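Visitor: Chain residues, written in single-letter form:
Number of protein chains: 2
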Amino acid sequence: MTFDAMWQDLEPVGRAQSGGYRRFAWTGEDHTLREWFAAECRRRGLDLAEDRMGNQWGWWWDGPGTVDDAAAAGNSGVAIGSHLDSVPDGGAYDGPLGVVSALATVDRLRAAGVRPDRPLAVVNFVDEEGARFGVACAGSRVITGAMTPERALALTDAEGVSMAEALTAAGRDPSAVGPDAEALRRVGAFVELHVEQGRGLVDLGVPVAVASDIWPHGRWRFDFPGEANHAGTTRLEDRQDAMLGYADLVLGARKEAQLRGCVATVGKVAVTPGGVNAIPSHVTGWLDSRGPDEDEVRATVEELRSRAGHFGATVTEESWTATTRFDQPLSDRLRDVLASEAELSVPVLGTGAGHDAGILAAAGIPSAMLFVRNPTGISHSPEEFAERDDCHAGVDALTACVQDLVTR
Amino acid sequence: MTFDAMWQDLEPVGRAQSGGYRRFAWTGEDHTLREWFAAECRRRGLDLAEDRMGNQWGWWWDGPGTVDDAAAAGNSGVAIGSHLDSVPDGGAYDGPLGVVSALATVDRLRAAGVRPDRPLAVVNFVDEEGARFGVACAGSRVITGAMTPERALALTDAEGVSMAEALTAAGRDPSAVGPDAEALRRVGAFVELHVEQGRGLVDLGVPVAVASDIWPHGRWRFDFPGEANHAGTTRLEDRQDAMLGYADLVLGARKEAQLRGCVATVGKVAVTPGGVNAIPSHVTGWLDSRGPDEDEVRATVEELRSRAGHFGATVTEESWTATTRFDQPLSDRLRDVLASEAELSVPVLGTGAGHDAGILAAAGIPSAMLFVRNPTGISHSPEEFAERDDCHAGVDALTACVQDLVTR
Numbered sequence: 000m001t002f003d004a005m006w007q008d009l010e011p012v013g014r015a016q017s018g019g020y021r022r023f024a025w026t027g028e029d030h031t032l033r034e035w036f037a038a039e040c041r042r043r044g045l046d047l048a049e050d051r052m053g054n055q056w057g058w059w060w061d062g063p064g065t066v067d068d069a070a071a072a073g074n075s076g077v078a079i080g081s082h083l084d085s086v087p088d089g090g091a092y093d094g095p096l097g098v099v100s101a102l103a104t105v106d107r108l109r110a111a112g113v114r115p116d117r118p119l120a121v122v123n124f125v126d127e128e129g130a131r132f133g134v135a136c137a138g139s140r141v142i143t144g145a146m147t148p149e150r151a152l153a154l155t156d157a158e159g160v161s162m163a164e165a166l167t168a169a170g171r172d173p174s175a176v177g178p179d180a181e182a183l184r185r186v187g188a189f190v191e192l193h194v195e196q197g198r199g200l201v202d203l204g205v206p207v208a209v210a211s212d213i214w215p216h217g218r219w220r221f222d223f224p225g226e227a228n229h230a231g232t233t234r235l236e237d238r239q240d241a242m243l244g245y246a247d248l249v250l251g252a253r254k255e256a257q258l259r260g261c262v263a264t265v266g267k268v269a270v271t272p273g274g275v276n277a278i279p280s281h282v283t284g285w286l287d288s289r290g291p292d293e294d295e296v297r298a299t300v301e302e303l304r305s306r307a308g309h310f311g312a313t314v315t316e317e318s319w320t321a322t323t324r325f326d327q328p329l330s331d332r333l334r335d336v337l338a339s340e341a342e343l344s345v346p347v348l349g350t351g352a353g354h355d356a357g358i359l360a361a362a363g364i365p366s367a368m369l370f371v372r373n374p375t376g377i378s379h380s381p382e383e384f385a386e387r388d389d390c391h392a393g394v395d396a397l398t399a400c401v402q403d404l405v406t407r
Numbered sequence: 000m001t002f003d004a005m006w007q008d009l010e011p012v013g014r015a016q017s018g019g020y021r022r023f024a025w026t027g028e029d030h031t032l033r034e035w036f037a038a039e040c041r042r043r044g045l046d047l048a049e050d051r052m053g054n055q056w057g058w059w060w061d062g063p064g065t066v067d068d069a070a071a072a073g074n075s076g077v078a079i080g081s082h083l084d085s086v087p088d089g090g091a092y093d094g095p096l097g098v099v100s101a102l103a104t105v106d107r108l109r110a111a112g113v114r115p116d117r118p119l120a121v122v123n124f125v126d127e128e129g130a131r132f133g134v135a136c137a138g139s140r141v142i143t144g145a146m147t148p149e150r151a152l153a154l155t156d157a158e159g160v161s162m163a164e165a166l167t168a169a170g171r172d173p174s175a176v177g178p179d180a181e182a183l184r185r186v187g188a189f190v191e192l193h194v195e196q197g198r199g200l201v202d203l204g205v206p207v208a209v210a211s212d213i214w215p216h217g218r219w220r221f222d223f224p225g226e227a228n229h230a231g232t233t234r235l236e237d238r239q240d241a242m243l244g245y246a247d248l249v250l251g252a253r254k255e256a257q258l259r260g261c262v263a264t265v266g267k268v269a270v271t272p273g274g275v276n277a278i279p280s281h282v283t284g285w286l287d288s289r290g291p292d293e294d295e296v297r298a299t300v301e302e303l304r305s306r307a308g309h310f311g312a313t314v315t316e317e318s319w320t321a322t323t324r325f326d327q328p329l330s331d332r333l334r335d336v337l338a339s340e341a342e343l344s345v346p347v348l349g350t351g352a353g354h355d356a357g358i359l360a361a362a363g364i365p366s367a368m369l370f371v372r373n374p375t376g377i378s379h380s381p382e383e384f385a386e387r388d389d390c391h392a393g394v395d396a397l398t399a400c401v402q403d404l405v406t407r
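If you read the sequences in order, they're chains F and Y.
Mapping the first sequence onto numbering that gives the first Met the number 0, position 122 (from 1) lands on 121, and the numbers just tick up by one.
Mapping the second sequence onto numbering that gives the first Met the number 0, position 349 (from 1) lands on 348, and the numbers just tick up by one.
What the hints contain is simulated information worked out from the structure, not anything from laboratory work.
Source: prediction; values computed, not measured.
Virtual Cβ for every residue (Gly too), placed ideally from N, Cα, C.
Treat the hints loosely; a few may be bogus.
Some, not all, of what chain Y presents toward chain F, calculated at C-beta under 8 angstroms [unchecked claim]: (1) A135; (2) G197; (3) A246.
Listed next, the stretches of chain Y that the computed footprint assigns to chain F, with coverage defined by at least 3 CB atoms under 8 angstroms from CB atoms of chain F [unchecked claim]: (4) 260-266; (5) 375-381.
Can you build the whole structure from these sequences, using the hints too?
Guide: Next up, the structure:
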């Protein structure tokens with residue numbers, strides 16, 4: 000299977016009317032994608048293993064001994080890959096580009112006659128976007144212990160279905176979910192290739208970059224109370240309209256982020272009862288905020304918390320990830336390889352997007368990322384795109400890096 | 000079946016976790032309520048007829064001739080009733096109080112040995128709240144010609160199901176839907192009893208009122224465009240965030256309504272794509288505005304339309320109903336009857352809520368309303384309530400009025 004053929008395979012799965020994708024964790028679409036990944040691993044003779052959160056690892060190791068033996072002997076493996084799920088109406092590249100490029104890299108190494116001296120895995124992380132249960136990188140958070148299994152299993156989707164119920168419905172055992180030191184011990188390094196989600200590479204005129212760090216970022220849930228009542232018969236002065244506080248949050252988020260050099264977004268809202276002629280009795284808004292400076296992000300959120308307090312809101316931090324620096328020696332090595340092997344002078348870019356590589360890095364696993372040029376900078380949208388030549392350049396770069404990592 | 004027994008019958012149907020009701024047009028809950036109404040008509044020997052929108056009419060007429068014969072001879076009937084559907088998480092009284100009181104009134108008249116000289120109908124209007132398809136009073140609007148069948152059938156619910164599809168799924172024939180002059184010719188007068196949706200009667204210390212008019216009121220859909228993109232990686236200055244215009248609408252609606260002595264509410268919103276980490280590419284907000292003065296309501300909406308224009312929004316008027324004055328001679332007659340028969344000095348109150356009685360009045364059918372005291376003024380909420388004594392006082396009043404109307 001060439002890169003292009005794999006890409007074609009994935010194109011119809013979970014495609015929405017918008018032209019974007021709706022591939023949410025533990026749904027039928029997710030199942031199709033997982034089966035596809037497993038088949039691609041089998042086709043290449045990779046040993047498929049699932050960890051305690053259901054992340055899929057396809058290992059290439061001809062020994063001596065098992066992958067665990069190698070790790071125990073100080074020769075832990077290299078993992079490459081990303082995720083296959085999407086945000087609602089997300090693009091085709093965010094996630095799948097890394098998985099398909101990783102599988103294509105295995106093919107390139109084989110075609111070049113490479114025999115790895117270290118185990119090599121292709122990985123598909125589950126539930127990276129958190130689109131269904133609200134917490135991003137749930138797959139890597141749980142196995143690294145960054146999120147407890149109790150909290151993960153109790154998360155609910157928009158229909159009130161808990162992750163535990165969704166796992167059961169998908170034929171899985173929720174009680175097996177938990178941190179998985181054994182699975183992580185096999186991973187001596189992780190390299191995630193990802194489409195860039197900004198205009199850094201376009202502006203530089205280069206197809207591939209190495210990541211420096213991930214901005215501090217978090218999600219907060221703002222619950223505004225109100226009192227349901229008739230929209231026609233209730234005097235303005237008698238109202239407790241939960242929507243007013245929400246609207247103030249939306250406008251406040253933009254203003255405070257602008258003042259502090261951060262970004263802040265309210266992209267999701269839930270209204271009760273949600274009738275045109277009923278005053279809202281409850282409005283929940285979700286704030287996403289990030290920025291290069293941790294203190295400024297924190298100050299933005301605190302200011303919004305204080306504003307929302309005037310409306311009686313309660314604010315819950317659903318996730319918080321401090322600045323994540325990728326492994327410097329590993330990142331430097333990737334840049335050196337690309338300079339010498341591919342004659343690519345590769346820039347170093349920070350990013351406002353969270354990734355499983357960031358969660359693994361925070362858990363002490365040497366991790367790095369490669370970004371592939373995005374001609375518009377648009378992502379999390381049907382318009383997300385990468386030129387095919389740049390995708391192939393990404394595979395070239397990943398192949399060069401992995402060949403270096405597994406043959407020394 | 001006493002009032003209390005009928006009330007008990009209805010209590011569990013469509014009850015939501017909130018304690019309120021979710022009884023939407025052409026759903027399973029609606030079907031249960033329609034079957035219940037039909038059974039109550041049969042139990043009383045009323046002749047059940049459906050008009051071309053599926054509104055249910057249970058006629059009591061012992062002749063001479065048919066109800067149509069009587070109408071043709073200038074002896075058209077009296078109709079009493081209301082609706083059984085609800086807003087999302089609405090109360091138990093808005094609608095059902097009028098239907099149950101009408102059925103109880105038939106029982107009272109029979110117990111008193113009354114034999115009507117005019118046909119008498121109990122009516123259950125379908126889809127009064129417009130909770131599912133967005134247009135209130137759809138049942139009465141279609142049969143009176145205030146809404147074309149083409150427009151009604153093309154309305155869609157939140158899942159994209161059209162009213163035509165919903166009717167078909169409910170085993171009905173959408174092609175039969177249309178204005179129904181024949182059904183309306185039978186109705187010489189309509190009296191709708193309804194729980195009050197404000198604090199007028201509480202403040203006056205009286206259980207029952209007669210309605211004067213319905214404020215001009217309407218619904219407008221505001222569509223704000225944006226561009227989906229990643230909430231973490233897109234610079235503020237590169238964003239087109241559809242949520243900002245929406246938030247401005249919410250706050251603007253409150254401000255403009257306050258300035259102009261109207262009410263304005265944004266109780267429903269839909270966001271695309273609706274992910275926490277995606278900038279909204281489209282936000283739709285629904286505005287409900289009403290007030291005692293038509294020009295001021297219009298000016299409020301125009302000001303909001305102009306504000307929304309700065310955000311590139313398109314604004315669609317989904318419904319508009321001018322001031323509706325109830326029939327003066329009929330209303331005066333009801334007050335006279337209540338003063339002489341029940342020794343009730345009945346106040347006259349206006350209302351900001353739309354009703355099927357308003358649609359019939361606008362179509363030239365002499366119509367009037369009775370309001371029953373609401374101790375909190377709250378409606379469209381699980382807390383909506385009327386004391387049982389006041390409900391019975393409502394039935395007393397309706398019985399006195401109807402006895403007078405059908406025996407002269």
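Visitor: Mind listing which of the numbered hints don't hold for this structure, in increasing order?
Guide: none
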